[in-house]
Amino acid sequence: MFKFALRLLVRSLAIIVTSAMFFSFMVHAHQQKIAISTVFFNAKTLNIEVMHRFNIHDAEHAVRKIFGKDADIIDSATTQQQFSAYVKQRFAMHNQVGEILPLTLVGHELDGKHFWVYQETAQTIELQNLTVRHNALRDLWPSQVNTINIEGKGKLQTLTFSDSVELLTVEF
Amino acid sequence: MLNKIIMTVMLLLLSIASTNAAIKQSKGDFEDKFRQLDEVLPTPNVYRNAAGEPGHQYWQQQVDYQIKARLDEHKRRIEATETITYKNNSPDTLKYLWLQLDQNIFRNDSMAAMSSNFGGIGDRAPAARAGSMNKPARLSLDHLRRQQFVDDNELGYEIKNISNKSGKALKHVIVGTNMRIDLPIPLKPGKTTTFTIDFAFNIVEEDAVSARSGYEHFPDDEREGGNDIFLLAQWFPRLHSYTDYEAWTNKEFIGRGEFTLEFGDYEVELTVPADHIVSSTGALQNPKQVLSTTQRKRLKEAQNAKRIVFVVTEQEALENEKAGTDKQKTWKFSAENVRDFAWASSRKFLWDARGHQQGGNDQPLVMAMSFYPKEGGDLWKKYSTEAIIQTLEVYSRFSFDYPYPVAQSVNGPVGGMEYPMITFNGPRTELQDDGSRTYSQAEKRFLIGVVIHEVGHIYFPMIVNSDERQWTWMDEGLNSFLDGIAGREWDPTVPWGVEPRDIVGYMKGSVQVPIMTQSDSVLKLGPNGYTKPAVALNILRETILGRELFDFAFKEYAQRWKYKRPTPSDFFRTMEEASGVDLDWFWRGWFYTTDHVDISLDTIYKLRLDTKDPDIDFSRQRQEELNKPMSLTDERNKAEGNKLWVERFPDITDFYDENDRFTVTNKERNKYQKFLKKLEPWERTTLERAIKEDKNYYVLEFSNKGGLVMPIILDLSFEDGSTETQYIPAEIWRRSPKAVKRLIITDKNKVLASVSIDPRWETADVDVHNNHYPRKIIPSRIEAYKKKKSTKKVSRDIMQDIKTELKTEDDDETEAPEKDG
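Residue numbers (my numbering), protein chains in the order written: chain S, 63 to 234; chain X, 231 to 1051.
These are calculated hints, taken from the structure and not from any lab test.
Result set (BS3-like, lysine-lysine): computed pairs, CA atoms no more than 30 Å apart in a straight line:
hint, chain 1, residue 1, chain 2, residue 2
1, S, LYS106, X, LYS1016
2, S, LYS217, X, LYS1006
3, X, LYS968, S, LYS215
4, S, LYS127, X, LYS612
5, X, LYS1018, S, LYS106
6, S, LYS150, S, LYS127
In this text the structure is predicted, and so the values were computed from the model without any measurement.
Using the sequences provided together with the hints, build the complete structure.
See the structure below:
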């Protein structure tokens, strides 16, 4: 019995490799470790638009951790594309029957102290609920909090990915 | 005004919900957004008066420290003795004293360690994730590194001896990060007690445990075994504050809620390896013993220099870090009227300095100095000390002259942290393969921003001594507001934040807590404790009070509480009292609730004044009738050529074929004359003038969808192309917080074409769609982005492309990163 339990424990404890962090949590004015996304049901275009907003300081340190010390979110088009692709991989929405909504990557842009990543998909079937996964930067920092405001479909609803939350669902 | 009514029953800082228990709207759903704050704020008393000033019997304790400490570089350990002189200025007799033992937070049995939620917000260890049903849990190597470090090293304080002046041991009890010392004789008001503590602790490796201080190891330095930078903070048992509003502020240190401490004078002797350079709170007392003649000469030269002077040059630092020594030196520092003491020590440090001649009587010369290893590079040489001076210039304008002899920025493993006269700042350069050191634009902004922010903290809370453990916003919010001002005066093209638009995404969401929440319980500390209060103050300054009133009141707050201990109510009261503006609604909405701003302009309709003169009004009514569109049936009948009965029999007519229902008779004219006769002379003049001017009357209907009441700023556009701005104070909502109407009167030829509210985005309105009448089609970000992309050239990354080298015929390997455009 003991052996079996131990094996289960080992199997469920995966280890990820990350390098040491120089930036401590005090520097909120600079590295906030907070991203805000909007999932917007656009009645005009009939698309579901996803707009992720990252603080440049968060993204700046993140890209160097992920893509190496030469990565530069402000000046390098390559890094910007890499980061967009990274966000795309870590964000997903499922409908009520568990199907993944096919999000296309519309693009990204630097605007002031924010880096935006845009995705969209057509509104096809009537959604009764929406299940969201948003792990961007959360695989780097435990204190990363991703907030999503769901707008344009009834009352605004907010999802917060903090602690060990992986999936969150909103009902319409 | 909140200080005008003193209630007999007062509830201390209760939430709105429980406040309603005392005074309650028990019928209907009316919510008084302007209810005065008296019932929520503590009762003014002799220690804190109703104006938000220190009261006539204000007191605070005085705690002086004499510390002798030795840094053991090999063991990475501090061994020290401190003699504490505690003066009881309170009216109470104290039987015991409470001290803070912050190093104990690193113990495995600390409340911080034992209450950490695996993978949760409070889990400071990097990148852990608890598993879920179908996902394995994850532990990062960082997390394991921390665990191993904590296992391998004995952490926390070793308290060896506590005795009074006569050498008698004092009874003490350690409770987590706190320690109670029982006094043999109760300490009466006005009396002083002195005692000595011998203590030691092993320094944490900052990179391993993530702390506000610690050592950083550089294994690649030429010296065998490498070198360290030591940052020492929260490094000696410090007295907890004893206050008039909370007595002992001995809430356990869990990690996030920082500190509140007593002011006092410090004499500190730091014994370190002889080749180390020490940066510390306080003024150096024995430069001849620890600095070379050259270094002292350079320091002197720096006092009046226009640009930084190197006291230790890069070359000297590089030589220094190669060697090492077994000898030791003792640096002596003295600091007056500070609330804490921190220091840094390393043989790696370059040291630059420039005198800031601020004038005034208190401290005409302040030495701005930076200490950093070669890894700081040009980034530090260029900007660290300059950013210190910029901070002093701007902050002093908003508060008081910087009162200390030095202001320092030290590079080490800590991202950003502040102590009196000394700050720790993290940004660095990157070593490239060709041996050069470069930095990104973001790192440059980070360095300038973090130095301004941390040096700014020397004012708030190191001098204006708010209670960080209770209220993060009181130092972080005020400081973020001011660092935004200092940053924008540095270079406004750098986005510094604290614009109202920066906080709308957070404020419209449903997961948040009021700003008035204890530091350890705050969700989303960044937007809650930093950005939202900073934006609120920005709005108060630029939109609600205006700069003149705001700056006067803010400076008054800073000066009243310089070297003293303000609470939130003191800030709220001072800002009102000094500006002369009732702001209770503002504090209530922004600091005590989670409402957001969303004001909608729902509709506009136009009115025209009836003249009462039937010859005018009846014909206007006739015209209105004619202006209505023709009935479709009538129009189609006509088109089909159907003849009307009245057309077929034109001989059968009567009076009503000639006169419609708007025909005026003398009956109406007589009635009009009678009406005029009954008017008072002033009524008649008013009516006559109004009829003559025939102005346009518009009624604008607004609704408050977000809950937070705010001024309504109107941008009126007229048909003649002119525009006008109108400011409606927030008080318009006082008796009907959900919907209001506003009458706007314009000259006859000023015909209103459209209206927008908050055109400059200065109120943090979260939804701009309902800000326009008639409504505008506002593209979503994605729509706007797609449109922008199609305009091609603007989306070129010229900054990157300009680096492209011109290809020559025999060089076809050169590549330039392509970007679609």
